[in-house]
Amino acid sequence: MNLRPHIMSTLYFTRHGEAQYNTEGKIGGDSGLSENGRQYAAELGRFVTDNQLQDIPVWTSLMRRTQETGSFLPNSNFSRFKSLDELDAGQCDGMTYQEIEAQYPEEFALRDMDKYNYRYPRGESYHDLCCRLEPIIMSLEKQRSVLVICHQAVLRCIVGYLLDIPVDDIPY
1 MNLRPHIMST LYFTRHGEAQ YNTEGKIGGD SGLSENGRQY AAELGRFVTD
51 NQLQDIPVWT SLMRRTQETG SFLPNSNFSR FKSLDELDAG QCDGMTYQEI
101 EAQYPEEFAL RDMDKYNYRY PRGESYHDLC CRLEPIIMSL EKQRSVLVIC
151 HQAVLRCIVG YLLDIPVDDI PY
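Reading the sequence shown from the start, the letters are residues 1 to 172 in the numbering used here.
Keep in mind that the hints were calculated from the coordinates and are not lab data.
Ideal placement from N, C-alpha and C gives every residue a C-beta, glycine not left out.
Check the hints yourself; a few may be wrong.
Stated by the list, open to error - Derived DEER-like restraints, expressed as beta-carbon distance ranges:
id, residue 1, residue 2, range
1, ASP112, GLN20, 21 to 29 Å
2, PHE47, ASP128, 30 to 38 Å
3, LEU110, GLN54, 42 to 50 Å
4, GLY25, ASN75, 25 to 33 Å
5, ARG46, TYR97, 31 to 39 Å
6, ASP168, ILE137, 12 to 20 Å
7, GLY32, LEU110, 29 to 37 Å
8, LEU11, ASP50, 13 to 21 Å
9, LEU155, GLN20, 13 to 21 Å
10, ARG144, ARG46, 22 to 30 Å
Unchecked claim - With a cut-off of at most 30 Å between alpha-carbon atoms, the simulated DSS-like pairs for lysine-lysine come out as follows:
id, residue 1, residue 2
11, LYS82, LYS142
12, LYS115, LYS26
13, LYS115, LYS82
14, LYS26, LYS82
Given the sequences, and given the hints that come with them, work out the whole structure.
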């Protein structure tokens with residue numbers, strides 16, 4: 001039970017800058033930022049400075065693209081969490097959706113039928129990811145202010161929880 005009185009807090013969320021894999025249409029991986037991603041990260045750094053947010057904590061995943069995005073910020077209080085890593089695409093990691101459809105047509109169809117519960121072979125489902133994020137979400141609720149740099153599926157799960165979005169709508 002959280003016994004702290006409710007305090008005003010501001011949570012800032014952003015996806016990492018565009019990664020090299022994003023430009024190639026690949027899912028997962030641990031690629032660095034593209035040129036557009038570095039420009040985005042620089043703009044994020046200016047936003048932080050312009051809004052005097054350089055003293056708030058910054059949370060990232062362990063993945064290169066979130067840490068590289070954070071490297072453009074003037075903040076010094078960084079924490080890295082494995083639980084903020086992107087949804088694990090398992091054996092489909094590093095593939096395009098076209099490649100997945102060609103090599104694993106049954107898996108591709110199953111994902112379309114139930115995106116929230118679909119688990120990539122040797123990977124995760126959105127449900128798995130939401131369970132992995134529960135401790136982070138509980139920690140977020142206790143923060144005064146924090147900037148979280150993470151991934152698309154992770155943001156969908158966190159925002160889905162905070163806004164009480166039905167689970168079947170979270171992946172979209």
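Range hint compliance [Cβ, LEU110 to GLN54, 42 to 50 Å]:
The hint (42 to 50 Å, Cβ to Cβ) holds, given that LEU110 and GLN54 are roughly 45 Å apart.
Holds or violated: 12 to 20 Å for the Cβ distance of ASP168 and ILE137?
19 Å Cβ-Cβ, so the 12 to 20 Å window holds.
I want to verify a distance hint. Is the separation of the beta carbons of ASP112 and GLN20 within 21 to 29 Å?
holds, 27 Å
Holds or violated: the 13 to 21 Å window for the beta-carbon distance between LEU155 and GLN20?
This hint holds: roughly 20 Å between Cβ atoms.
Beta-carbon spacing of ARG144 to ARG46 - inside the hinted bounds 22 to 30 Å or not:
holds, 23 Å
Given the hint that LYS115 pairs with LYS82, does the C-alpha gap stay at or below 30 Å?
Holds, at about 23 Å.
Tell me if the beta carbons of PHE47 and ASP128 are separated by a distance inside 30 to 38 Å.
Holds, at about 32 Å.
Verify the CB-CB distance for GLY32 and LEU110 against the hinted window 29 to 37 Å.
holds, 32 Å
So if I understand the rule, the pair passes when the alpha-carbon distance is 30 Å or less; does LYS115 with LYS26 pass?
The hint holds at about 18 Å.
Holds or violated: 31 to 39 Å for the Cβ distance of ARG46 and TYR97?
holds, 34 Å
Taking the CB of GLY25 and the CB of ASN75, does the distance hold inside 25 to 33 Å?
holds, 32 Å
13 to 21 Å was suggested as the range; check whether the CB atoms of LEU11 and ASP50 agree with it.
Holds - the Cβ-Cβ distance for LEU11 and ASP50, about 18 Å, lies within 13 to 21 Å.
Violated hints are absent here; each numbered hint is respected by the structure.
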